[in-house]
Amino acid sequence: MSAPHIALNRFGLGARPGEAARLGDPRGWLLSQVEGGPPSLVARGSDPAASADLFRSFQAALRSGDEARVAELRREVQTHGQGEMASVLTTRVVSDRPFAERWVAFWSNHLCVSALDGFQTAFLAGAYEREAIRPHVFGRFEEMVLASARHPAMLQYLDNVRSVGPGSVAARRPRRGRGPAADALRGLNENYARELLELHTVGVNGGYEQEDVEQLARILTGWGVAGAGPERAATAGARAEELGFRFNPLLHEPGRKSVMGRTYPEGEEGGMAVIRDLARHPSTARFLAEKLATHFIDDAPPAAAIETLERTWLETEGDLRRTARTLVELDAAWDADYRKFRTPQDWFVAVLRAVDAGEAGGNFPQILQQLRHPLWGPPSPKGFGDLRREWADSDALMNRAELARTLARRAGRGLRSGRGAGTARGGGPDLRALAAVVALDAGDPLGGMLTDGSIPVDERIALAFAGPAFQWR
Amino acid sequence: MSMDRREFLHSAGMCLGGLATFGFPEVHFANVRQDGRLVFVLLRGGFDGLAAVVPTFDPAWRDLRGSLAADPDALLELADGFALTPGLAPLREFWERDELMVLHAMAIPYRTRSHFDGQAILETGLDGPEGSADGWLNRLLSVMEGERAGISIAAGMPRSLTGPVEVASWSPTELGVVEDAYLDRLSILYRSDEALQGRFEAALGMLDVGEEMDAMGGQPRRPGADAGSLFRAAAQLMAAPGGPNVAAMEFSGWDTHANQGVVGGNLDRQLGRLAEGLSAFREAMAEQWAGTTVVVMTEFGRTARPNGTGGTDHGTAGAGFVLGSGVARRAVVSDWPGLADNQLYENRDLAPTLDTRAVLKGVLAGTFDLTAAQADRVFPGSAGVRGMWELMT
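As they're listed, the protein sequences go chains G and X.
Just so we're aligned, residue 1 is where the first sequence starts under our numbering, counting upward by one.
Just so we're aligned, residue 1001 is where the second sequence starts under our numbering, counting upward by one.
Read the hints as simulated data drawn from the structure, not as lab findings.
Warning: the hint list may mix true and false statements.
[As the list claims (entries may be wrong)] A few chain G residues facing chain X, derived, Cβ under 7 Å: (1) R162; (2) E198; (3) L397.
A virtual CB, placed ideally from N, CA and C, is assigned to each residue, including glycine.
Could you build all of it, start to finish, from the sequences and the hints given here?
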């Protein structure tokens, strides 16, 4: 793979027609993408207050058992979700800063929430990426982890919103209900604390014990969601309230606590301090250096690349802009002997970019679902993997062969009508441009097939996307 | 291209192991049983063994479980004071036929409360999270001379099947109509990619199986459909002539940190769907059920006590199931550690007294006539772990 193709594919989201030839300085092109603010979405998501109203109204309808109202609102909820996803997917398809978008997707997956969790998390998943991840992709990692920890989607997803300090005012208050059911909802839930350590910051070998998990869970009691209760459904004339973070001292476990050898004060500031410490911990630097190198370079990245990233992370206290620069400057990053198997999302977006699609298309959520890579829908809080052994199974290859054929028929129709991508002036398909997009090695039999006039044009397009060369980045 | 796809592949000399053996005469080796079949069902997330298989006899049980202690009268008595949660009622049929062995206080051989380390250990068959990335089902295929075919059902490629032996994956997904000529050309393209060639050939083999299933009136699963249709599809694949003998399936949603419920609750209902699926599998296998073993395991059990939100957090030992016509007898197999505070592991979890690898070795011996030495090769470093050879006849 040539340097332009490495920039476009390994770090970007796939080449658009003619782009490889236009690129000029591939390294400079990547470096320029991490300057300035976070990459912007093509279409902003819905108004936060209005969507918070929809969120509350839908929950209220669910509780009231009014089926007609639920059905009515369900359509609005689906439209809301579709809009959130289309905004991100279309941005990936048309972005002029594809490396920055890959960088967003990496961090969004690293600190993932999952729509599979149920209505509340699913509803908030788009807002989560837009509000907690995207603004911080070129800032300090600890700001991103804090934004994640305080976002309603994460508070909901990993149950922190339900966790109550066993010694808190609320837990010691006389119960309204009686019996075991009332007892059951009055205590600690360590789900978020464990994943914050294991998956978000220091990693499973980061040097913590079970006791640290429990102490961390205690520190984070009282961290909850403002404005989520269904009873707050908008009343006439009232100003809509956005969903947000709220520290509830009544649920907070009193006293000082210690995690991994450091002591933290009671109150909200204890949680802020411990999250900052965990984000700056040397184990976090090591864990994320390895994860970044594995994601962008190779399933088995060279140790030197990991060490260089780790050094930058430590020196800059997790400055993500400077970490991105270091990544691009690595020798290994430009070494054509390394390669990654494209994930389904990246493959699908690369196909759409290769035909200059202009948007993601209406049925992409179902397509990504069938490719087992739904947007914001990882099967667990670990997020989606990116290793070849996790994605390159036979069923996946056949899915791509079938989908490429379908998409190519569609693109072929666009070609005949003179619109769409891969089109040369005069309306005919420019299969040479497609060959340049795929980055064929000399001797790849695909080259001959693409110019073989006996093969239908739309089948040739499909072969380009379904063949092995296009599966790698 | 005048040849049909199968002839084409044959003439291209690509019938290499894996699923490319579909439709070709089977090569029989004397050292393993050819009619043995194994399905490994992984419940990702850590399912609560104490909720599924309830030790009602343990004096500490009711107080310890508190709000999660089911009414014993609502449970289904098995033996020795162990009882199933009512959702698992479909397992009673296996029990009555001496086709179910329940394992309890079982755990992987490494103490972790991480889902991801736990699953890695269960799937690689090693005794720690580091080391080979290969799965034990893939090693099983290689120990069995590479003549057996493995398949992943609607699960991508799980770690358990990953390794040097080419393995197919199948899901009912169909994303477009493809012509034979197109697939033939792709076949040529994939021949130039060493890493992916075998996978693509396996994919072509699966298309043939899909056609056979359609001809048999098989009902492909639509995404999101129930475990029952997935299990039925698995049975159709495995019972097909020359079909795969080793399959991996998985279900998620067992990480019940909140509101797991008791009788009729969330977890009970989810276990019900699993049990109905197992029942559907047995029925769909028909006469091929003889010689088939199904193992159900999870990466860890959960805390013995409820947490503060009506659920349970990550724990240690839990329960599992072995189902099959070759199961020696119905039994709940457990060296019960007890639920008193001082008997719990770290005063928190059900203590482990049974190694998952001991069970799996017994399953391999019973299903494929593997010798102890062969079973040790499937689970490297486990020579000191005695297989439960008495598990199956």
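Verification of the supplied hints:
no.: 1; hint: R162; in the structure: 4 Å, holds
no.: 2; hint: E198; in the structure: 6 Å, holds
no.: 3; hint: L397; in the structure: 5 Å, holds
Of the hints listed earlier, there is not a single one the structure fails to meet.
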